[in-house]
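Student: Below are the chains, spelled out letter by letter.
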Amino acid sequence: MEKAPAKKAVKTDLKSKIISGYIEHVLENGKEPVSVFKFAKDLKMKEEEFYNYFTSFEAIKSAVWAQLFENTIVNIESQEVFKEYSAREKLLGFLFTWVEELKKNRSYLLSIYKDQKSMDKFLPMEVKVFKSKFKDFANEIILEGKETEEIANRPVISDRYDDALWFQVWFVFQFWLKDASPAFEKTDAAIEKSVNLAFDLMGKSALDTFIDFAKFLYQNK
Amino acid sequence: MESKVKEQQNIPTSKVQRAAKFLTTGAKVGGNYVKHYAKKVVNPSHTKEELHNNNATDIYNSLSELKGSALKVAQMMSMDKNILPRAYQDKFTMAQYSAPPLSFPLVIKTFQKYFGKNPDQMFDTFTKSAINAASIGQVHQATKDGKTYAVKIQYPGVADSVSSDLKLVRPFALRLLNMNVKELDHYMDEVEEKLLEETDYVLEVDRSREISEACAHIKDLVFPKYYSDLSSERIITMDWLNGLHIKEWLESNPTQEQKNRIGQALWDFYHHQVHNLMQVHADPHPGNFIIQPDGTLGIIDFGCVKVIPEDFYHGYFSLIKRDLLMNEEELNEIFYNLEFISEKDNDEEKLYFKSVFKEMISLLGKPFHVDTFDFSDDTYFEKIFQLGDRISNEKMFRKSRQARGSRHGLYINRTYFGVYNLLNQLQATVVTTKPDWLK
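Just so you know, the protein sequences line up as chains D and U, in that order.
For the first sequence, counting from 1, position 143 maps to 143 in my numbering; every step adds exactly one.
For the second sequence, counting from 1, position 111 maps to 111 in my numbering; every step adds exactly one.
Pulled out of the complex, with its shape left as it was, chain D reads as follows (with noise of 0.2 Å):
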C-alpha cells in the first residue's frame, strides 16, 4: 500500500519523459525515430519497458493532443470569469486559449503537419483522441446553450451541433499552422469570426420562424 504512490509518481515521470522526448526528437531531427529500440534506447530504457507505456508512436502523438486539451481546460476552468461566461464565449474562451497551448508547441505541430495534405477529408490517426474529448466538451456548451436559448433545437440537425464545432475547431487548426500575421493576431480574427457565425447559425432564426408558419399553413389549408 505504502508504496503504490510512489510507484505511481515514477511511472507518470517516465511517461512523459517518453512524450518530452519525442518531441524533443522531432524538433531536432525533423522527423520520427527510426524505431522504437532506438528511440528506447537513446531514453536509456529497455524497449520493452516503452510498451508499458506507449505501444506505438501514433500512441505518443495522441498522447500529446490528449495533454494539449487537458492543459486548456485546466487553464479555463481557473480562470474567475469562465462559469459567467455564455456559451459562445466557452467556446471563444476554450479556442483562445487553446491557441495560446498550441503556440508553445507550435514548431512541433509545424513539423509534423505542415506538410501533410488533404488534413480536412481524412482527419490523423492520434487527433481521434483529442476529437472525442473534445466533442464531450462541445456538448456539454451546446446542452446548456439550448437550456439558455442561445441555440436553438432543431430536429435532427441540432444532433449534428457537437460535429459543427469540431469541424470548426479543426478549421481554427489549420488556418492557426499558416498564420504568418504577428502575434497569431489573424487567427484570433478567424476564432472570433467563426464562432460567431456558428452561433448566429445555431441560434433561432427567421429560418425557425419561417418553417413554423409554413407548417401551420400547411396544416391548416
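Hints are computed from structural coordinates only; laboratory data are not their basis.
All C-beta atoms, glycine included, are put in the ideal place defined by N, C-alpha and C.
A few of these clues could be false.
Said to hold, decoys possible - Straight-line alpha carbon distances no greater than 16 Å define the calculated EDC-like cross-link-like pairs of lysine to aspartate or glutamate that follow:
#, chain 1, residue 1, chain 2, residue 2
1, U, LYS194, U, ASP160
2, D, LYS135, D, ASP115
3, U, LYS321, U, ASP371
4, D, LYS133, D, ASP163
5, D, LYS146, D, ASP208
6, D, LYS131, D, GLU70
7, D, LYS83, U, ASP120
8, D, LYS104, D, GLU24
9, U, LYS144, U, ASP229
10, U, LYS113, D, GLU100
11, U, LYS113, D, GLU101
12, U, LYS354, U, ASP371
13, U, LYS117, D, ASP163
14, U, LYS167, U, ASP145
15, U, LYS128, D, GLU84
16, U, LYS167, U, ASP189
17, U, LYS128, D, GLU80
18, U, LYS117, D, GLU100
19, U, LYS321, U, GLU359
20, U, LYS344, U, GLU333
21, D, LYS193, D, ASP208
What the hints assert, rightly or not - Some chain U residues flagged as far from chain D (calculated, every beta-carbon gap over 12 Å):
#, residue
22, GLN112
23, LYS113
24, ASP120
25, GLY146
26, LYS167
27, HIS275
28, GLU310
29, ASP311
30, HIS314
31, ASN327
32, LYS358
For this one, chain D is given, so just place chain U on it according to the hints.
Tutor: Chain U only, in chain D's frame:
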C-alpha cells in the same frame, strides 16, 4: 522551419472571405440598379434618391461587418459630405457610432497578451461589454481606486489588413466618388499611411499627450489624461470623460451662448494646431467630442494626426486671403506647387482648373474673410454641396487624366470640412481668428 512559414505573406482564406463579402455587396448594389431601372420603366418619376438609399444600406452593412479599415473608409466618406449624395451621408454617419463588438474572451486574451493579467486583476471593475465602438476597436469602462477610466482595445489583425482592405474598397470608392484610377491611387497612398499610423496605439498615446499639453492653455477645452503603464500596442487607458456627444447635447436645448462657447473652443483648438503646432487632429467626427456638464469641450482620439509640411501650409493658406493681391505668375506657382495644375495640362485645361479651384477656395475660405462667422447659415453649406456636385459632374473634371491637388490637402480639407460641419451642427457663431500674416 520558422522562416518557411514567414514566406507565406498573406493568408488566402481571410482574403478570400473578405473578397466574398464585398462581392455580395457588389451583387446587391448591382441588383439595386436593376430594381431602379425596372421601377423607372413602370414609373418614370421614380427618383434616384431611393436607389442611393438602398445602395448606402447595403454598402454600409458589409463595411461594418468587415470592421477595421473598411469602416474607417466609410467614416472618411461620411466626412466628405460634399462629394456624396445625401442618402450615403446619413447612412455612413452611422458608421461613426456603431459596429459589431469584440467578445469578452477576446478582450481577456488581448490583456493576457500585453500585460499577462486579466482586466479584473488590473482594475476594480471592468465592464464586460463595450460602452462605445471606436473605429478600429472598442471602449470599455473601468474603475480603480475611485477613478473611472476609458479603456480602448484594438481589434486583432486590423493593422495587417489595412492594405488588403483598401484594395477591396477601391472599386467602390471609384464608383461612389466619381474619381479616376490615378486620382484615387494618389490619395489611397496617403490614406493607407494614415490608417497604419492609427493602428499604432503607442504612437497615439505619445501624440495625445503632446498635443493636449500644447493645447492645455486654450479656454474651455478638456483633455483626458493618458496612462502609459496601463497602455500597450493594442490597448489605451485614459480618463473617462463624462458628458454628451454633440447630437445628444443639442437635444438638451442649450442656449445660443453655450453653443457659441463650444463652437469657439473648437475653432480655437484647430486654429492653434494648424497655425502654431503645424500638426492637426485630423479626425473631427462627432464621436470624438464630448461636451462636459460644465459646458466645456472634451476632446479624445488622437489616432489620426496630420503633420502639415511648411511649403504646403503657405501655399494653401495664402489662397484663402480675401483679396488675392498676387499677380498671375505667383498664383500659377502656387497652383503648380499644390498640384492643382501640371505641365501635362493644355492651356484650356489650365484655365478651366484654375478658375474652378479659385472658386472652390474662395467659397471655403469665406469664414476667414470676416471677423465673425455664423455657421448656422445653411445656405452657405448648400452652396458648398452644390459646387461639389456641379464640379464632379462636369466633363472636364471627369475626364481629367491626372490627380488634382496635393495629397496633403486630403486630410486638411477633410479636417476643415469636418470642423465646418460640426460648427454648423452646433449652429454656432464664432470669432474666426487667423494668423497675422493672413490678416
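Student: Now tell me, hint by hint, if it's right for this structure.
Tutor: Quick rundown of the hints versus the structure:
no.: 1; hint: U:LYS194 with U:ASP160; verdict: holds, 14 Å
no.: 2; hint: D:LYS135 with D:ASP115; verdict: violated, 26 Å
no.: 3; hint: U:LYS321 with U:ASP371; verdict: holds, 13 Å
no.: 4; hint: D:LYS133 with D:ASP163; verdict: holds, 12 Å
no.: 5; hint: D:LYS146 with D:ASP208; verdict: holds, 15 Å
no.: 6; hint: D:LYS131 with D:GLU70; verdict: holds, 12 Å
no.: 7; hint: D:LYS83 with U:ASP120; verdict: holds, 15 Å
no.: 8; hint: D:LYS104 with D:GLU24; verdict: holds, 13 Å
no.: 9; hint: U:LYS144 with U:ASP229; verdict: holds, 14 Å
no.: 10; hint: U:LYS113 with D:GLU100; verdict: holds, 10 Å
no.: 11; hint: U:LYS113 with D:GLU101; verdict: holds, 13 Å
no.: 12; hint: U:LYS354 with U:ASP371; verdict: violated, 27 Å
no.: 13; hint: U:LYS117 with D:ASP163; verdict: violated, 33 Å
no.: 14; hint: U:LYS167 with U:ASP145; verdict: violated, 46 Å
no.: 15; hint: U:LYS128 with D:GLU84; verdict: holds, 11 Å
no.: 16; hint: U:LYS167 with U:ASP189; verdict: holds, 11 Å
no.: 17; hint: U:LYS128 with D:GLU80; verdict: holds, 13 Å
no.: 18; hint: U:LYS117 with D:GLU100; verdict: holds, 14 Å
no.: 19; hint: U:LYS321 with U:GLU359; verdict: holds, 13 Å
no.: 20; hint: U:LYS344 with U:GLU333; verdict: holds, 15 Å
no.: 21; hint: D:LYS193 with D:ASP208; verdict: violated, 23 Å
no.: 22; hint: GLN112; verdict: violated, 8 Å
no.: 23; hint: LYS113; verdict: violated, 7 Å
no.: 24; hint: ASP120; verdict: violated, 7 Å
no.: 25; hint: GLY146; verdict: holds, 23 Å
no.: 26; hint: LYS167; verdict: holds, 17 Å
no.: 27; hint: HIS275; verdict: holds, 39 Å
no.: 28; hint: GLU310; verdict: holds, 35 Å
no.: 29; hint: ASP311; verdict: holds, 37 Å
no.: 30; hint: HIS314; verdict: holds, 40 Å
no.: 31; hint: ASN327; verdict: holds, 55 Å
no.: 32; hint: LYS358; verdict: holds, 48 Å
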